[in-house]
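Undergrad: Chain residues, written in single-letter form:
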Amino acid sequence: MILGRVIGTVWSTRKDEKLVGAKFLIVRQLNLDYSPKNSFVVAVDSVGAGVGEVVLYAQGSSARQTTLTKNKPVDAVIMAIVDKLDISVKDKEKEVAAE
Amino acid sequence: MILGRVIGTVWSTRKDEKLVGAKFLIVRQLNLDYSPKNSFVVAVDSVGAGVGEVVLYAQGSSARQTTLTKNKPVDAVIMAIVDKLDISVKDKEKEVAAE
Amino acid sequence: MILGRVIGTVWSTRKDEKLVGAKFLIVRQLNLDYSPKNSFVVAVDSVGAGVGEVVLYAQGSSARQTTLTKNKPVDAVIMAIVDKLDISVKDKEKEVAAE
Amino acid sequence: MILGRVIGTVWSTRKDEKLVGAKFLIVRQLNLDYSPKNSFVVAVDSVGAGVGEVVLYAQGSSARQTTLTKNKPVDAVIMAIVDKLDISVKDKEKEVAAE
Amino acid sequence: MILGRVIGTVWSTRKDEKLVGAKFLIVRQLNLDYSPKNSFVVAVDSVGAGVGEVVLYAQGSSARQTTLTKNKPVDAVIMAIVDKLDISVKDKEKEVAAE
Chain A
1 MILGRVIGTV WSTRKDEKLV GAKFLIVRQL NLDYSPKNSF VVAVDSVGAG
51 VGEVVLYAQG SSARQTTLTK NKPVDAVIMA IVDKLDISVK DKEKEVAAE
Chain B
100 MILGRVIGTV WSTRKDEKLV GAKFLIVRQL NLDYSPKNSF VVAVDSVGAG
150 VGEVVLYAQG SSARQTTLTK NKPVDAVIMA IVDKLDISVK DKEKEVAAE
Chain C
199 MILGRVIGTV WSTRKDEKLV GAKFLIVRQL NLDYSPKNSF VVAVDSVGAG
249 VGEVVLYAQG SSARQTTLTK NKPVDAVIMA IVDKLDISVK DKEKEVAAE
Chain D
298 MILGRVIGTV WSTRKDEKLV GAKFLIVRQL NLDYSPKNSF VVAVDSVGAG
348 VGEVVLYAQG SSARQTTLTK NKPVDAVIMA IVDKLDISVK DKEKEVAAE
Chain E
397 MILGRVIGTV WSTRKDEKLV GAKFLIVRQL NLDYSPKNSF VVAVDSVGAG
447 VGEVVLYAQG SSARQTTLTK NKPVDAVIMA IVDKLDISVK DKEKEVAAE
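Chains as they are written, first to last, in this note's numbering: chain A, 1 to 99; chain B, 100 to 198; chain C, 199 to 297; chain D, 298 to 396; chain E, 397 to 495.
By construction, these hints were calculated from the structure, which means they are not laboratory data. Idealized CB from N, CA, C, for every residue including glycine. Among these hints, one or two may not hold up.
Said to hold, decoys possible - Ranges between beta-carbon positions, derived for each pair:
no.: 1; chain 1: C; residue 1: 237; chain 2: D; residue 2: 347; range: 26 to 32 Å
no.: 2; chain 1: C; residue 1: 282; chain 2: D; residue 2: 330; range: 47 to 53 Å
no.: 3; chain 1: A; residue 1: 39; chain 2: E; residue 2: 430; range: 27 to 33 Å
no.: 4; chain 1: C; residue 1: 237; chain 2: A; residue 2: 50; range: 21 to 27 Å
no.: 5; chain 1: C; residue 1: 233; chain 2: A; residue 2: 86; range: 24 to 30 Å
no.: 6; chain 1: E; residue 1: 482; chain 2: A; residue 2: 39; range: 35 to 41 Å
no.: 7; chain 1: B; residue 1: 150; chain 2: E; residue 2: 416; range: 51 to 57 Å
no.: 8; chain 1: C; residue 1: 221; chain 2: A; residue 2: 48; range: 34 to 40 Å
no.: 9; chain 1: D; residue 1: 380; chain 2: E; residue 2: 493; range: 31 to 37 Å
Construct the entire structure; sequences and hints are all you get.
TA: What follows is the structure, encoded as structure tokens:
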């Protein structure tokens, strides 16, 4: 899964019939210190994530394994909201709360 | 899903038998301000997208989850036409209408 | 799908039993003006493509949706031969015949 | 599969219902000499990997082929803990024990 | 499929139960002149490839289409050993035997 932050939404009225009612969120990929990366994806939300929240998203066929996305033309789904990251690299111990 | 703009079509008479009648569109990937990225893909259209329109496309096995693309050798499908993007990063609130 | 040109073939006598008889083509990825990119893949051919021809190839599980590649350990398939590209970006109208 | 080192964990209370109880580990990708690459993923652990350990992870639909991850919205799974790498490139013979 | 050379093996005693007996090979990606690229993957071998040999590997769900890898958490499989490459780009005709 990839770490990202929800930064906005996509409005679409004309979409595949299976996607009526689906909410498309824009997710910017994050580094481990929550600084933004350049890349972003548009993902369907399965956990009630709001704009500004730090999330994990799954891609590919795994994005269709939630009740909301099953058998739909969706290749990215937000499947968790991040509370915090515990990073322990070698002798450094670091705890980073999601802003 | 990935944000892109339809910039043209691919003509092909010799193709896999399952693809007879399929329309191949050239989609250039976009940044959030609609400026073009360097990369492009060829996608099948499931929503009647026209040249110039801003769209979302899904990739991989998810591209086969529309009526048009089921069980076909297709790895990218346009599944939504974008009306606008609402981007709210930190204290900036921005609304970007699709050109 | 990705735009490419067939630039050669791979000879292999020792291969997975499901691949006996399969023809492996080397496909170099192309830009929209048919100039070559650096990356290439090896793909199975489902449409009788010859060396020098411009083609589309599909990747991942979608590469197994042709009669030739079904249930086989193949992750790239040539599923169309390109006649020409019609590219209309903004006010530029361009038609590019496949060489 | 990709070589990586577990460098931390992700805490998440709000997640897809299928993921209750799943443990998310942060895995940094490694070079063959165990030096870290820039990229990382978040993976579910199927083998009891601890922070600091060198592991292999599988991605995409293959990440759902363990008992723990079956039918779940998970696109990366740790499926092996690495004891050591035997690298023999041309005339160099090198054995690298996992730290 | 991707062109690579087997450059070593991964030793792992603790791995997913479905992977007992599987042999993990380190495969470095190659250019068309057999010079090494920077990237490598760890793949399961389905064709008896040895260290030093030039091979093709398939990725994603296609990597599970061999008898050895079916239903296993494996996302890369060696499915062919390369004898030689015939490369004919434009007016250049080149034959490159696998070293």
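Undergrad: None of the hints should be skipped; say for each whether it holds.
TA: Here's how the hints hold up against the structure:
1. The given range of 26 to 32 Å is broken by residue 237 of chain C and residue 347 of chain D, whose C-beta atoms sit roughly 37 Å from each other.
2. For residue 282 of chain C paired with residue 330 of chain D, a C-beta distance near 49 Å keeps the hint of 47 to 53 Å intact.
3. A C-beta distance of roughly 32 Å is found between residue 39 of chain A and residue 430 of chain E, which places it inside the suggested range of 27 to 33 Å.
4. A beta carbon spacing of about 38 Å between residue 237 of chain C and residue 50 of chain A contradicts the range 21 to 27 Å that was offered as a hint.
5. Taking 24 to 30 Å as the suggested C-beta distance range, the pair residue 233 of chain C and residue 86 of chain A does not conform, at roughly 48 Å.
6. Between residue 482 of chain E and residue 39 of chain A the CB atoms are about 37 Å apart, so this pair conforms to the stated range of 35 to 41 Å.
7. Our hint of 51 to 57 Å for residue 150 of chain B and residue 416 of chain E holds, since their Cβ atoms are close to 54 Å apart.
8. Checked against the given bound of 34 to 40 Å, the beta carbons of residue 221 of chain C and residue 48 of chain A, roughly 50 Å apart, lie outside it.
9. Separation of residue 380 of chain D from residue 493 of chain E is about 36 Å and conforms to the stated range, judged on CB atoms against 31 to 37 Å.
Going down the numbered hints, you'll see the structure goes against 1, 4, 5 and 8, while the others check out.
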